[in-house]
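Student: Now for the letters of each chain:
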Amino acid sequence: MKRILLIIMISLSSAFAKADDLDIGNVIFDHVLDSYEWHITEWKGKPVAIHLPVIIIDHGIHAFNSHKILETGEYGGYHIAPEGAKHEGKIVRADGTKPFDISITKNVLQLFFNAILLLVIVLLTARWYRRHDALKEHPTGIAALMEPLIMMVHDMAKENIGEDYRRYSPFLLTVFLFILFSNFIGIIPFFPGGANLTGNIACTLTLALFTFFTVNLTGTKHYYKEIFSPDVPGVLKPLMAIIETFSALVKPISLTIRLFANMLAGHIQILCMVCIIFILGKYGPVMTGGGTLITVLFGIFLDVLEMLISFIQAYIFTMLSSIYIGMARQKAE
Amino acid sequence: MNLITPDTGLLFWMVLIFGIVFFILAKWGFPAITGMVDKRNEHISESLRLADEARERMSHLAEEQKALIAETKAEQSRILKEAAQARSEMLAQAKADAQAQTADMIEKAREQIANERETALRDIRRQVALLSVDVAEKVLRAKLDASPEQQALIDRYVDESRSSN
Numbered sequence: 488m489k490r491i492l493l494i495i496m497i498s499l500s501s502a503f504a505k506a507d508d509l510d511i512g513n514v515i516f517d518h519v520l521d522s523y524e525w526h527i528t529e530w531k532g533k534p535v536a537i538h539l540p541v542i543i544i545d546h547g548i549h550a551f552n553s554h555k556i557l558e559t560g561e562y563g564g565y566h567i568a569p570e571g572a573k574h575e576g577k578i579v580r581a582d583g584t585k586p587f588d589i590s591i592t593k594n595v596l597q598l599f600f601n602a603i604l605l606l607v608i609v610l611l612t613a614r615w616y617r618r619h620d621a622l623k624e625h626p627t628g629i630a631a632l633m634e635p636l637i638m639m640v641h642d643m644a645k646e647n648i649g650e651d652y653r654r655y656s657p658f659l660l661t662v663f664l665f666i667l668f669s670n671f672i673g674i675i676p677f678f679p680g681g682a683n684l685t686g687n688i689a690c691t692l693t694l695a696l697f698t699f700f701t702v703n704l705t706g707t708k709h710y711y712k713e714i715f716s717p718d719v720p721g722v723l724k725p726l727m728a729i730i731e732t733f734s735a736l737v738k739p740i741s742l743t744i745r746l747f748a749n750m751l752a753g754h755i756q757i758l759c760m761v762c763i764i765f766i767l768g769k770y771g772p773v774m775t776g777g778g779t780l781i782t783v784l785f786g787i788f789l790d791v792l793e794m795l796i797s798f799i800q801a802y803i804f805t806m807l808s809s810i811y812i813g814m815a816r817q818k819a820e
Numbered sequence: 282m283n284l285i286t287p288d289t290g291l292l293f294w295m296v297l298i299f300g301i302v303f304f305i306l307a308k309w310g311f312p313a314i315t316g317m318v319d320k321r322n323e324h325i326s327e328s329l330r331l332a333d334e335a336r337e338r339m340s341h342l343a344e345e346q347k348a349l350i351a352e353t354k355a356e357q358s359r360i361l362k363e364a365a366q367a368r369s370e371m372l373a374q375a376k377a378d379a380q381a382q383t384a385d386m387i388e389k390a391r392e393q394i395a396n397e398r399e400t401a402l403r404d405i406r407r408q409v410a411l412l413s414v415d416v417a418e419k420v421l422r423a424k425l426d427a428s429p430e431q432q433a434l435i436d437r438y439v440d441e442s443r444s445s446n
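Respectively, the protein sequence lines represent chains D and V.
Every position in the first sequence, counted from 1, becomes a number in our numbering once 487 is added.
Every position in the second sequence, counted from 1, becomes a number in our numbering once 281 is added.
So that you can see chain V by itself, here it is in the shape it has in the complex (with noise of 0.2 Å):
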């Protein structure tokens, strides 16, 4: 029966003793613990979440880097092909231009030296007219006088030589 009755004295001790140990450790023992280790694992999963975003936004990064640096490419070889077409636009463009002047200029030109051989026809006509007036008036001087079947001779021949002209 001693087993399985109990002991007045222990139980008070018991009451006693556990009483004050929980009082202390609970005052000053576990919550300082478990504070601190609660707010270790707070601080942890808090990290890894952190870390698990920046992983994240890294991978973004990563990821818009390359779809800047393909934005830039892409920018790039558009600008080449439209500096390429440019230049040969611009090529043809010069080409065009300056033929059409060359052919403007050349047809000046034209013009201008069917101008001139035309005064210089007129001019040489006229002296040829004049220095066979002069001479033809020397001829006749000499052979014949001036008489009006004879200028009329000359008028004929000077306008058979204008119109064969």
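Isolated chain D, as found in the complex (with noise of 0.2 Å):
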């Protein structure tokens, strides 16, 4: 074990330092971040990818394919911002300021493709508890699949809020089982998977706020009173006041990083698996050979392991939730 992770280590440092023409810093960031375009394979020589629409509100609404801004990199006034630009990658105005920009990226893609799943599955896993007598079949098909997961959550939301879990599951159902297709869709090398959707801020963020508000506008009195005027004597009040009302803040972050670093981290150790493969590729065939085997190895108890996180991240996230919501739901003794 020692050897193999001292022969990766030196083949990556030798491979950082050598490989000039193989930017892999590039490759794997080209790979995680958002771009206009979802680039699937190459075909003889000629890159082989899907140009998703521009769409800037700006003054209008300014509605374009993104091949005529990435051939060029300008396009209508507008351009992509440059290496170390503050906007770095991003469509910007000519001075540099970003317009508001809903462009159907791959992220966005892979967003409307994992949503139509979701739905497509939950729905379909509903039609079957409405056409059969659950309490004299069995479930079959898609409802013996998706019902032990659906069941885990509501559980959870049971033993987490109390009484009134039933207002609370189905959206701890949908975080979860969303979170989850975008954790396992992301692991799928290939289109329409792949693109980093968890591994992206604003998608964690976007969940974490959801959290946070279902958690901050269904709060008890007596969950306000804990934040605002604690039980403690008086000149200590105004101090766990802030402390309670920053920790209250916390929580949506430390959901939005947790998901999005372990997801981001998960993306980027893959890829430099299979990159490493492409930079033993400069030492020889022995090299090569003896190499692939290895990272190849490697790439696969990775990606086994990336299953298994996604499947933990997805379920840390909603009991998390759960237990925040089961928090703002107590009553006072």
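Since the hints were made in silico from the structure, they are not lab data.
Possibly wrong hints are sitting among the right ones.
[Stated by the list, open to error] Quick partial rundown of chain D residues pointing at chain V, CB under 8 Å, derived from the structure:
1. Ile589
2. Ser656
3. Ala689
Think of the CB as a built atom: it goes at the ideal place given N, C-alpha and C, for glycine as much as any other residue.
Two independent chains are provided; combine them into the complex using the hints.
Tutor: Here it is, written out as structure tokens:
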């Protein structure tokens, strides 16, 4: 194990030192970041990609195909911010400021795809329960697949939230299945998967904000009293109130960062493994063969690990959300 | 920096899409599923409880049955015993009655016999007396007249014979 790690480290370091024409950093970041096109593969030296529509709201709606701006780097008064600029890689105005850009990017398309998949699967499951008498038949097909997942979260809600858990269980279920689906689809390396949706901070931030508002807009009086006027001696009261407020605000941030960082790190790890094969390609057949064998084995290991992490992260996000909701639903003793 | 700056475009789409998905699933998706499964779970636990109760009742039933059988057996043996006792009592009673009756009858018969013998004896005696008187009359008429001495003698003899009887 030590030897394998050593080999990888040596090869990695030498690769970064020597590979001039293969910028690993760029390759990896191109994969994990959002983009205006969906690069699927190369065919006969030409890239096969889906050019996604750019939609900019800037004194009216400007919509055009992204290949127009990607080919020349400039279109209709907008250009793509160069490397090192403030909004690197994004479409900006001539003066470098960023318009409200709601383009259908790679992640947005992936989001559509995941959302539709989630809707189809859950509604099909619901249809099974509407069409069958669950008291007389055991679930089959898609219902058998989805029921354990759904009931796991439903029971989690029951355990953590208490009496009115039925109000919150659909939210927790949507969050859980959305994250789970997105995580899994993110591991699939080819179209229509592989976009790093849950490894994108905007995505996780939205989910965390949904949790934040669910928690703080449906809290009980007791919950707000605990935050703004905790039961401590007079002098400590303002201090504790500040701390409690801060803690309430930090919760969604921690949710955001945890999911985002885990999924991003997973993607980067797997991409690194794949990249090592190409780096080793320069060092002759022996190195390539041996290195490839090792990296493929490692890649498989990381992929499996990533599947585990996908589930665990979805579970943790949902569980913490349910615990936060449960805390906000507490009643005075 | 690109990596950790939330992109407004994706943020916008995410809120929109997630909101829509959540709305649809919360309305037509999850409640149908969880409601059904909850109902089924309740049904299962209810069925289990009922089965448990039934099993308990069954075991009680068996016990009751056993008790009933034991009771019946006891009753049966009691009745049999009573019957046997009654029979032997009746037998004894009948025997006693019969004996008493027999004894009574024997007694009566004996009395009757005694009475009849008495009557017969009296008859015989009268006959004998008459016969004796006749015989004596005939004997004496032939030999002597009916003197007073003779008559006294005869009376004496008759008395003697009566007392010797």
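Student: Taking the numbered hints from earlier one at a time, note which ones the structure violates and give those numbers from smallest to largest.
Tutor: Going through the list in order, the structure violates no hint and respects every one.
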